[in-house]
Structure formats: structure tokens, C-alpha cells
Amino acid sequence: MSIIEAKGIYKTYQETKIPVNALNGVDLKIEEGEFTAIVGPSGSGKTTLLNILGGLDLPTEGDIFIEGTNLKQLSSRQLIDFRLHNIGFVFQAYNLIPVLTARENTEFILELQKVPKKERRKQATQLLEAVGIADKADHRPGQLSGGQQQRVAVARALASQPRFIIADEPTANLDSKSTNELLEIMAEMNRKYRSTFIFATHDQRVMDKARRIVTIDDGKIIGDETFEGR
Amino acid sequence: MLIAIAWRNLWRNKLRSAVIFSSIAVGIIGAVFSDGFMSGMTDQRVNAAIANEVADIQIHQPAFLLNGEIRYQIPRAQRIAQKIRTLPEVKGVSLRMKTQAMAASANAGTGINLYGVNPADERKTSDLHTHIIEGKYLSENQKIPVVIGQKLSRKLDLGIGDKLIVTLTDSSGTITNSAFQITGIYKTANDRYDAASVFVNKKDLAKVIGYPASSGDEIAIRLKNSRNTPAVMKKLNRIFRKEVQKKRIILQSWDQIQPLLKSMVSMMNYFSYLFLLIILAALAFAIINTMLMAVMERTREIGMLMALGMNKRKIFLLIMLETVLLSVVGAILGLLFSILIVNHYATYGFDLSSVASGLNYLGYSSRIFFRVNTNFYVMSIVLVALIAVLSSISPALKALKLQPATAIRDMI
Ligand SMILES: Nc1ncnc2c1ncn2[C@@H]1O[C@H](COP(=O)(O)OP(=O)(O)O)[C@@H](O)[C@H]1O
Ligand SMILES: [Mg+2]
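In order, the protein sequence lines correspond to chains A and B. Mind the numbering: the first sequence is residues 1 to 230 in our numbering, read in order. Mind the numbering: the second sequence is residues 1 to 412 in our numbering, read in order.
Think of the hints as simulated: they come from the structure by calculation, not from any bench.
Listed below are the simulated SDA-like cross-link pairs for lysine to any residue, each with C-alpha atoms no more than 25 Å apart in a straight line:
#1 B:K401 with A:Y13
#2 B:K398 with A:S76
#3 A:K72 with A:Q113
#4 B:K242 with B:L87
#5 B:K247 with B:R79
#6 A:K7 with A:D224
#7 B:K314 with A:V99
#8 B:K398 with A:D81
#9 B:K314 with A:R77
#10 B:K187 with B:A106
#11 A:K177 with A:P41
#12 B:K207 with B:G111
#13 B:K401 with A:D81
#14 A:K72 with B:T406
#15 B:K312 with A:L100
#16 B:K314 with A:L84
#17 B:K401 with A:V99
#18 A:K136 with B:L10
Please work from the sequences and hints to get the whole structure.
Shown next as C-alpha cells:
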């Protein structure tokens with residue numbers, strides 16, 4: 001079974017005067033261990049699609065199954081809990097709780113999952129080591145560079161041991177060195193732990209690292225390529 | 001970790017938090033100050049009334065209370081008084097002969113309460129002898145002495161050595177005049193009492209009225225500690241159960257004798273809490289406003305927390321905790337300052353001499369020693385926390401309305 005199966009997804013934003021059709025019939029399957037980029041020009045619907053895959057928003061039409069669970073059939077409370085235990089998030093910015101240190105941010109998600117304190121500590125420390133900022137564990141986000149903050153976000157996303165991680169333009173605010181570092185770390189985590197990553201980007205450097213590239217335009221998938229050996 | 005986040009969030013906008021801290025602190029200081037002042041004032045009034053005027057407990061014939069006629073002398077009064085003197089809680093017992101009378105000088109007259117007292121007993125029972133401002137208090141070896149209040153002396157234009165003519169009804173129902181010589185003038189903080197209370201030796205008054213000097217219509221009992229009044233009342237009602245049951249005597253504590261005084265105490269208390277509540281209600285708006293701003297500023301952050309999987313209950317709790325911490329920190333600051341201020345004025349008193357003449361008319365002296373019950377301090381913290389919880393509802397609901405997808409999109 002695929003981790004994610006999206007069937008006939010339409011999304012129309014009604015809040016505006018003229019309704020916006022952001023997604024116009026998207027079918028997509030994601031398998032375990034994928035390292036997939038959703039690419040497309042700005043406004044093509046990448047964020048909308050990722051939000052729906054991540055259970056942050058519901059499709060106007062169509063169904064989204066995550067390991068067989070139809071997200072539409074969950075109550076809003078169940079959906080929150082589902083996200084907590086199944087989906088990791090890395091956003092473009094403002095990922096971290098500013099008043100918590102890197103370690104506390106990583107531990108926070110584990111606390112929400114009710115992992116015992118000792119265990120939390122251990123896992124958070126290990127993950128911060130894995131993303132290469134163990135030495136900054138006691139710094140707050142304000143004292144970290146953009147690249148370091150995104151690495152903490154990746155550590156936190158991994159900490160919850162999700163089925164997959166969604167990253168919406170995670171490198172958009174980073175210089176090329178930090179972009180490379182972050183991608184390297186994500187790719188390493190993908191190889192090491194078989195963590196599934198789905199990220200949106202319009203950055204060529206990011207696309208170059210992806211093993212699968214799904215191209216989207218005007219709310220439709222117009223291309224789907226797989227590059228073995230990356 | 002929620003508490004840690006809430007606590008640290010307080011310090012993100014230091015100026016804004018400082019404004020709330022100080023508003024709450026000032027509000028609490030205001031409420032505590034007014035409570036300290038009012039309690040100090042009522043305490044003083046109550047203590048003065050007990051010390052100078054009513055004593056802690058009084059005994060009469062029930063009928064005497066209705067019309068004050070002197071024929072209602074207490075049966076076996078001296079034995080009762082003697083028995084009460086043996087109680088360890090009792091400081092002094094005075095068997096008085098109290099009657100209504102007219103006091104007159106050459107050109108003025110006024111109604112008074114005339115007390116015939118045994119000076120030695122009265123000194124132990126009432127502190128009035130410490131309030132003599134001119135001349136001397138009563139003693140056995142003076143000739144028909146009388147002690148009057150300064151207010152009465154001014155009203156009648158009489159001074160030390162002058163004659164005070166007293167008109168009263170004697171035991172046979174005849175109206176008689178009698179002259180006393182003013183030997184002492186007292187002044188308490190209660191002008192109205194001073195204008196109407198006149199003291200003579202009981203043996204002199206007994207002679208005029210025609211009763212033995214051993215009788216009396218009022219027994220005033222002063223305790224070593226006024227806090228024991230209810231206990232001693234119980235004890236006395238037990239000791240004199242037969243007399244009380246047969247309605248030969250009635251026992252009254254100071255608050256039954258002066259119910260107004262008692263209701264003033266509870267009213268002042270009530271006002272203190274009302275005042276505190278009004279202040280806190282006003283502060284609630286400031287708290288709500290601050291927290292609404294905090295929630296709005298943190299839209300993205302809250303959206304992110306919701307996206308990660310923080311449930312609504314926890315989001316609500318986070319906002320509530322932050323509101324409560326914000327308010328309680330302010331309240332604690334306020335209480336610390338309040339305690340300092342109250343302690344200062346409890347020791348040195350708060351000087352009101354500029355408005356004192358009016359206060360004296362009401363029975364207050366011009367220096368108020370503050371007192372605040374621990375209860376009031378505890379209640380103010382509890383109320384602040386309660387108000388904070390209520391104030392957090394609207395900001396917390398606002399936070400819950402956020403949709404994670406929208407909140408996060410807003411941040412890009
Ligand atoms: N909340 C919204 N309300 C109305 N229109 C929206 C909303 N979110 C996105 N859109 C529109 O939907 C389309 C797709 O947007 P988005 O998914 O953000 O694209 P991308 O991430 O590829 O830039 C755009 O035209 C955008 O303006
Ligand atoms: Mg986007």
C-alpha cells in the first residue's frame with residue numbers, strides 16, 4: 001500500500017470574491033522512502049497540494065488516503081492527533097517556537113506525543129547531533145542562522161517518527177551553502193532512516209537532488225519523472 | 001513545557017508586560033491601601049468604643065433596656081459582679097447606677113446619661129480616666145465630684161470648679177435637683193459620647209436617688225482580651241442560666257449593644273471586596289486587550305503549533321496560563337508593595353489631622369493604624385487569578401479560530 005494516495009483532488013478557495021481553483025484534479029501516489037520534489041511556478045498550487053497531503057486543509061473534492069485512512073472521515077480533533085503522530089512538517093520560515101531552545105523545540109513534539117522525559121531528552125540530543133547542530137542545542141532560534149533553524153526544524157520533524165515529512169520550500173530563505181547543507185542532511189536522513197520526504201520547490205539546486213520530480217502547473221500534474229541512482 | 005513557554009512568552013514584549021504588571025500592582029496596592037485604612041478606622045472605633053464607652057459585656061434587667069428607668073435595679077447585683085470578677089478572662093467589673101438626667105449651667109441645659117460609679121472599679125473597666133485633659137478623675141475623697149466631657153463643658157460653658165446642676169427623677173418618682181462640682185474634664189475621639197456622658201461617685205448619686213450605694217442597674221465587664229468576648233458570653237450565660245432564664249438579667253456583648261458598630265465592621269469589609277472587584281474588572285479589559293494583541297502577533301506561531309499537532313485544549317491552556325501568569329506576577333508585585341505600605345502605616349499610623357475635627361465628631365481619632373487581614377491578601381491573589389482565567393477566554397477562543405493552513409500561509 002502507498003503511504004499517500006490522493007484521488008481526484010480539487011481545491012477551490014471560496015473566501016475570495018472570485019473563487020480560485022487552486023487544484024484541478026490531482027491524482028498522486030507516494031511510496032515509502034521517496035525523496036520527492038513538487039515543482040512548478042509560483043501560484044501553481046504546490047502549497048495547496050502539500051497542505052492537503054499533510055492534513056492541514058481538506059480538498060473540496062476527491063479523497064486523500066494516508067496508509068488507508070481517509071482524512072475526510074476524521075473529525076477535526078482526530079485530524080490534529082493524526083498529524084501529530086503521522087506527519088512531520090518543515091515550513092519555509094517560523095518553524096520554531098522562539099522562546100524554546102533548539103533542544104526544547106525538538107523535545108516539544110515528543111512531549112505532545114507523551115514520550116517520557118528521559119526518552120525525549122535522549123532522542124532530541126541524538127537528532128540534533130544527526131543534523132549537525134548538537135553544539136547549538138541550548139540556543140534559542142533567534143541566536144541561530146536561517147540554515148541552522150531549518151536543521152532544527154528537520155530534527156523536530158524526524159523526532160515525531162512520522163510516516164512522511166512535508167517541507168514547503170524549506171530552502172527558500174537560505175543561501176546556497178545552507179541550501180546544500182540542508183538538502184544533504186535531508187537526503188542523508190532519507191537514506192539512513194528511510195524517512196519519506198516530500199518537498200515543494202522552484203529551486204533548481206533542490207530539484208537536482210530529488211529522486212522523483214512531480215511537476216504541477218495551474219493545479220494539474222503535468223509531469224512525473226523518477227531518477228534512479230540519485 | 002507549556003508553563004515554560006507561557007512564562008517565557010511573558011518576557012517577549014517586556015514593555016507591554018511591564019505595563020500590565022504595574023497596572024495590576026497599582027490596582028492591588030489601591031485596594032489593599034483602602035482596606036488597610038478602612039479596617040484601621042473601624043478597629044480604632046471599635047476598640048475605642050469598647051475601651052471608653054461600652055466595655056466588652058454589659059448586664060441589665062431586661063426591662064431597663066426598654067425605658068432606662070432606675071427602678072429596674074439588677075437583683076443581687078453585687079453578688080453577680082463579685083462572681084464575675086473571679087473569672088480569669090476578666091480585667092474589671094463595674095456596677096454602675098445609670099440614669100437619664102438634665103444637666104444645666106446658669107444659661108444652658110441638655111440631656112445626659114448620668115453614671116454613678118465606684119471609681120476604683122470603673123478605672124479597671126473603662127479607660128476613660130486616661131482621657132482626662134483637665135483636672136482629675138473621680139475619687140472617693142472629693143466632695144460631690146463630677147467628671148464631664150470637653151464637649152459638654154463647652155456647651156454649658158463650665159470649667160473645673162464650676163457647679164453642674166443635675167435634674168433627675170428619684171426612686172419615689174419625684175423630680176429633684178442636685179449640684180455637683182466639676183473636678184475633671186475628659187475628651188475621647190467620640191464627640192457625641194463626650195457631650196452626653198457624665199460621671200459621679202455612685203455613693204453621691206445613690207443618696208440623691210434614694211437607693212443603697214450597693215445597688216446598680218448596669219454591670220459593665222471588661223475583658224483582658226476582647227477576642228474572648230464570645231467565649232466569655234457563653235460562660236456567663238451558663239453561670240447565670242437561672243437568672244437569664246427567669247428574665248431577671250440579660251447579657252449583651254458590645255456588638256449587641258452597638259449593632260451599628262458591628263454592621264459598620266462588616267460593611268467596611270464588604271466595601272473592600274467590592275472595591276477590589278471593581279478595580280480588577282477594570283484591569284480585566286487591559287488584560288484582555290494585551291492578550292488579544294499577543295495572540296494576533298503570534299498567528300503564525302499558533303498556526304504552526306496547530307499544524308504540528310498541538311490540540312485545541314492545549315492551545316487554550318497555553319493562552320490561559322500566559323494570561324494567569326501575566327496577572328499573578330502583577331498581583332504578587334502589588335502585594336509585596338502593599339504589605340510594605342500597610343506595615344508602615346500599621347506601625348506609624350496614617351496622619352489625618354488636617355481633616356481630624358470632622359472625624360472626631362464621628363468618633364475617630366486623627367491617626368489611623370492600618371490593618372489588613374491575611375484573608376484579604378489571599379483573596380486578592382485568588383480574585384486576580386480568577387479574573388485572569390475569565391479574561392483569557394476571549395483571546396484563547398480567538399486563537400482556536402485560527403486555521404493552521406491559513407495561519408501559516410499568512411506568514412509567507
Ligand atoms: N487562502 C486562499 N484564498 C484564495 N486563494 C488562494 C488561497 N491560497 C492560495 N490561493 C491561490 O491558489 C493558487 C495556488 O496557490 P499556492 O498553492 O500557494 O501555489 P504555490 O505554492 O505553488 O505558489 C494561487 O492562485 C493562490 O493565489
Ligand atoms: Mg507556495
